[in-house]
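Fit chains B and C to the supplied structure of chain A, relying on the hints for placement.
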Amino acid sequence: MSEVKFSNDSLAVIEKIVARYPEGKHKSALLPVLHLAQAEFDGWLSPEAMDEVARVLNLKSIEVYEVASFYTMFNLSPVGKCLIEVCRTSSCWLKGANEIVEHIEKKLNIKDGETTPDGMFTLKTVECLGSCGTAPMMMIGAQFHENLTYDKVDSILETCKTEDKRKTYFDQVNIEHY
Amino acid sequence: MAKVTIDGKTIEVPDGTSILQAARMIGPDVAPPTMCYHSKLKTSGGYCRTCLVEVTKGSDKDPRPMPKLVASCRTNVMDGMEVGNLTSPKVVEARKGVVEFLLLNHPLDCPICDQAGECHLQDLGYDHGSAKTRTDFERRTFEKISLGDKIQLHMTRCILCYRCVKVADQITDNRVHGVLNRGDHSEISTYIEKVIDNDFSGNMIDVCPVGALTDKTFRFKSRVWFTKPVCANRNCDKCSGKVHLWYKGEEVLRVTGRKDQWGEVEEFICNTCRYDKKKTSDWEIEGPAEVNRHSVISANHYQVLKKGSEFKLNDIKPLPITEGEGS
Amino acid sequence: MGKKLLLANDHVPGIKNYEVYRANGGYKSVEKAIKTMSPDAVVEEVKKSGLRGRGGAGFPTGMKWSFLAKPEGVARYIVCNADESEPGTFKDRYLMSRIPHILIEGMITSGFALGATAGYIYIRGEYFYIVSILEKAIEEAYQNGWLGKNILGSGFDYDLYVQVGAGAYICGEETALLESLEGKRGNPRIKPPFPAIAGLYGCPTVVNNVETIAAVVPIINEGGEAYAAVGIGKSAGTKLISASGHINKPGVYEIEMGITVEDFIYSDEYCGGIINGRKLKAVVAGGSSVPILPADKILTTPAGEKRLMSYESLSEGGFASGTMLGSGGFIVMDETTSIVQNLHTFARFYHHESCGQCSPCREGTGWMEKILHKILDGHGTMADIELLWEIQAKIEGNTICPLGDAAAWPVASAIRHFRSEFEEFVQNPTNLKKVRHYESVNQLVSA
Numbered sequence: 024m025s026e027v028k029f030s031n032d033s034l035a036v037i038e039k040i041v042a043r044y045p046e047g048k049h050k051s052a053l054l055p056v057l058h059l060a061q062a063e064f065d066g067w068l069s070p071e072a073m074d075e076v077a078r079v080l081n082l083k084s085i086e087v088y089e090v091a092s093f094y095t096m097f098n099l100s101p102v103g104k105c106l107i108e109v110c111r112t113s114s115c116w117l118k119g120a121n122e123i124v125e126h127i128e129k130k131l132n133i134k135d136g137e138t139t140p141d142g143m144f145t146l147k148t149v150e151c152l153g154s155c156g157t158a159p160m161m162m163i164g165a166q167f168h169e170n171l172t173y174d175k176v177d178s179i180l181e182t183c184k185t186e187d188k189r190k191t192y193f194d195q196v197n198i199e200h201y
Numbered sequence: 051m052a053k054v055t056i057d058g059k060t061i062e063v064p065d066g067t068s069i070l071q072a073a074r075m076i077g078p079d080v081a082p083p084t085m086c087y088h089s090k091l092k093t094s095g096g097y098c099r100t101c102l103v104e105v106t107k108g109s110d111k112d113p114r115p116m117p118k119l120v121a122s123c124r125t126n127v128m129d130g131m132e133v134g135n136l137t138s139p140k141v142v143e144a145r146k147g148v149v150e151f152l153l154l155n156h157p158l159d160c161p162i163c164d165q166a167g168e169c170h171l172q173d174l175g176y177d178h179g180s181a182k183t184r185t186d187f188e189r190r191t192f193e194k195i196s197l198g199d200k201i202q203l204h205m206t207r208c209i210l211c212y213r214c215v216k217v218a219d220q221i222t223d224n225r226v227h228g229v230l231n232r233g234d235h236s237e238i239s240t241y242i243e244k245v246i247d248n249d250f251s252g253n254m255i256d257v258c259p260v261g262a263l264t265d266k267t268f269r270f271k272s273r274v275w276f277t278k279p280v281c282a283n284r285n286c287d288k289c290s291g292k293v294h295l296w297y298k299g300e301e302v303l304r305v306t307g308r309k310d311q312w313g314e315v316e317e318f319i320c321n322t323c324r325y326d327k328k329k330t331s332d333w334e335i336e337g338p339a340e341v342n343r344h345s346v347i348s349a350n351h352y353q354v355l356k357k358g359s360e361f362k363l364n365d366i367k368p369l370p371i372t373e374g375e376g377s
Numbered sequence: 010m011g012k013k014l015l016l017a018n019d020h021v022p023g024i025k026n027y028e029v030y031r032a033n034g035g036y037k038s039v040e041k042a043i044k045t046m047s048p049d050a051v052v053e054e055v056k057k058s059g060l061r062g063r064g065g066a067g068f069p070t071g072m073k074w075s076f077l078a079k080p081e082g083v084a085r086y087i088v089c090n091a092d093e094s095e096p097g098t099f100k101d102r103y104l105m106s107r108i109p110h111i112l113i114e115g116m117i118t119s120g121f122a123l124g125a126t127a128g129y130i131y132i133r134g135e136y137f138y139i140v141s142i143l144e145k146a147i148e149e150a151y152q153n154g155w156l157g158k159n160i161l162g163s164g165f166d167y168d169l170y171v172q173v174g175a176g177a178y179i180c181g182e183e184t185a186l187l188e189s190l191e192g193k194r195g196n197p198r199i200k201p202p203f204p205a206i207a208g209l210y211g212c213p214t215v216v217n218n219v220e221t222i223a224a225v226v227p228i229i230n231e232g233g234e235a236y237a238a239v240g241i242g243k244s245a246g247t248k249l250i251s252a253s254g255h256i257n258k259p260g261v262y263e264i265e266m267g268i269t270v271e272d273f274i275y276s277d278e279y280c281g282g283i284i285n286g287r288k289l290k291a292v293v294a295g296g297s298s299v300p301i302l303p304a305d306k307i308l309t310t311p312a313g314e315k316r317l318m319s320y321e322s323l324s325e326g327g328f329a330s331g332t333m334l335g336s337g338g339f340i341v342m343d344e345t346t347s348i349v350q351n352l353h354t355f356a357r358f359y360h361h362e363s364c365g366q367c368s369p370c371r372e373g374t375g376w377m378e379k380i381l382h383k384i385l386d387g388h389g390t391m392a393d394i395e396l397l398w399e400i401q402a403k404i405e406g407n408t409i410c411p412l413g414d415a416a417a418w419p420v421a422s423a424i425r426h427f428r429s430e431f432e433e434f435v436q437n438p439t440n441l442k443k444v445r446h447y448e449s450v451n452q453l454v455s456a
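Chains as they are written, first to last, in this note's numbering: chain A, 24 to 201; chain B, 51 to 377; chain C, 10 to 456.
So that you can see chain A by itself, here it is in the shape it has in the complex (with noise of 0.2 angstroms):
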């Protein structure tokens, strides 16, 4: 494995953040700098990409273990190049959510929480996204998709399939507004 450093393009971004907080406050980076490492290390925290944040901001590595295994958005193993996150708590629930998980098992040939072996897909199941008047909705990389069906799901995996790049959460975001 290559070394695992941040672009100088990221480490521009991570002096900018740290530059929102009150001097020998910097620790409050930690949780958007984990964002970028994930975006920037091949969509999940390896314990090198752990100690590169830990690096930078001048953290003891285990208090980015800490936090970084304490949010449910860090991934602390590999990911497929689209990670699909379905909503399936309440209001989704009533709207057929556990038939769309079932519906892309079916489809990917994978279970909750499985990567598809050419690495393009993973499946998560999660809790509320915010998104409970347009349910059934998932996530993937930062987009929501709402008011899924069948048919819905079926389109956006092929258009993911035909993507090559990996889908992260700063899909719709300007790295300038980060």
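Keep in mind that the hints were calculated from the coordinates and are not lab data.
C-beta: ideal position from N, C-alpha, C; glycine also.
Be careful, since some hints might not be right.
[Stated by the list, open to error] Cβ-to-Cβ under 10 angstroms is the rule here; a few derived chain B residues that face chain A:
hint	residue
1	P113
2	N224
3	V226
4	L230
5	N231
[Stated by the list, open to error] Here are the simulated lysine-lysine pairs, DSSO-like style, with alpha carbons at most 30 angstroms apart:
hint	chain 1	residue 1	chain 2	residue 2
6	B	K266	B	K90
7	A	K184	A	K28
8	C	K158	A	K175
9	C	K258	C	K288
10	B	K118	B	K146
11	A	K48	C	K158
12	C	K200	A	K83
13	B	K111	C	K57
14	B	K90	A	K48
[What the hints assert, rightly or not] Which stretches of chain C does chain B cover? Using the computed rule of at least three CB atoms under 8 angstroms from a CB of chain B, they are:
hint	stretch
15	327-336
16	407-413
Frame of chain A, contents of chains B and C only:
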């Protein structure tokens, strides 16, 4: 000063005293049990909820009762406050629930656990728990982890009191372990296997209220109730050098910090004293250690025959059990 | 049509952009406050308005503001809670993505009132796409002199930042949010001290929900009394309701508090009735945490009057027959719904979201989920129903933060009002397989 009444007993304490501290000043009969609070560790307490009490009167100034039970370790007294501990049915009921929650995923492997006999969870279960278990679900398990050659971590037994994390934060200079994951998946860990190695790391063992962190140099050597605790000291440049030596016959099986009557370490000791000084000749012996409130050890009240330099190990004898006692 | 205070300009094309927002009266509250009012006068106005926290607890905002400690030489912060994660709630997301400037404006006016040195908007990580929208709005506000040094020549310096979370419902609890904002695990703090005394970085801090902050804008523009005149009694003003479930028109509605629940569910102005003309079975009126009520109890108070959409009316009858307005997450269930299955999704949610700090919540939430799972698997016993009841009772009130209560109440209310359904599941496990939402499956097949 503030006057506070706990289970009908009144005491005057300095402002800023917690309900728990005030109760302990009154005495063991009214002191709520604790699992995560530790008097020598800042910000400890509040997590386990075993010390919940009912505040039936807030203060003389504002006599309204508090709407919920409060953690006595993290709530300060007010002048005129009235508190129910064992006299409050609500508290007794809630505490029973807390014990049940703490034991829900506990392995109950006391027969093979080194902590047995000096385990706060055993005591808590005995004093405040219920006799029956109401869960038949599989218990949560974790792999045993070695934190170097001195400390063994049995996460399965951990109750997440955070004391060992606070020890690492507050008395060592490089914490490498912490609480990872969340909810009932939380675990004490170094994440990627690391050795915990610093001069004071052994104190993590002493503050652990259960058998999650045990001393590898002592593991399986003896049940604690077959050992004799003795107060001893030495000139140490790293710590106070005030310890308990745990003897079996003439042999020192382990060295620990001294604990007060609440089972909390009085002064943290260094790893040199703990691991490298296991000969009687390393120490100045003060006399038998008094161990209170611990289920098995305290059953063997050791008789003090002589003091100081005259003291001989073999002079420590358990008190004879007279009829009617010990039931 | 009811009065609209937050979404009044929702229909205006381009309202997301600064110029359009400004041309439609945007940032007037900042001008009015900074140029013509003292900070204390702004606080006074908010007190007069009767505004109550819109995140769920309903605590009077003006009172919360007046608790803020103001020691000399110590920074003060205002933090906006945009960690909207209560199942059934999506109003803040709607507001921020449609009219981001109303939040920025509210944060400036509120920051001025509190003498804050900086403000942070803590937004849940799953709303990542909104980060850009807010950052753009903030940049526009800086460019136009509403943020930064010496705002409007008043000497008031104020910076505003967006902070993104990373997936943790618990960070909606204000002290967990502050921990997270400090770059830590989202473990709620043990109180006291409250944030008003020692909040972000140990400094006095006010934490308010997105909708609460946005409501400060119309309050300052039109005056606290005018705001208080909207709504009913102690439920002053308007409330954003997130409507979801088996209704014809799910979505976010700004309602004037005091309309009837019946109107809200059945009128075409709001939910438009139950899908396919089915019967109403139950409603979770204020987000997953509040007690679920069966149709008769949600429509009618114990006194036999029509229940209203207000803090007081919804809670009439206590937990025996009432509920709470909460965050306004209004989940409607039709007659085909299995209450036990729905409850299982809630129990799984709280189990998943418990931070794990205190034992009753850490262990109890998982235990409840497992028992519900067992019942749904057809292996439940009558004793399990009693056990569920007892577990929730042992969690409620005994935890560090309100998540314990939030996990307990849905279980308690489901058993209280729908015990027979639990018993049915236990006694006739074979019937279980029949309980399924064919309605929703049909809907998933495109026409």
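Hint check, failures only: Failing hints, ascending: 1, 8 and 15.
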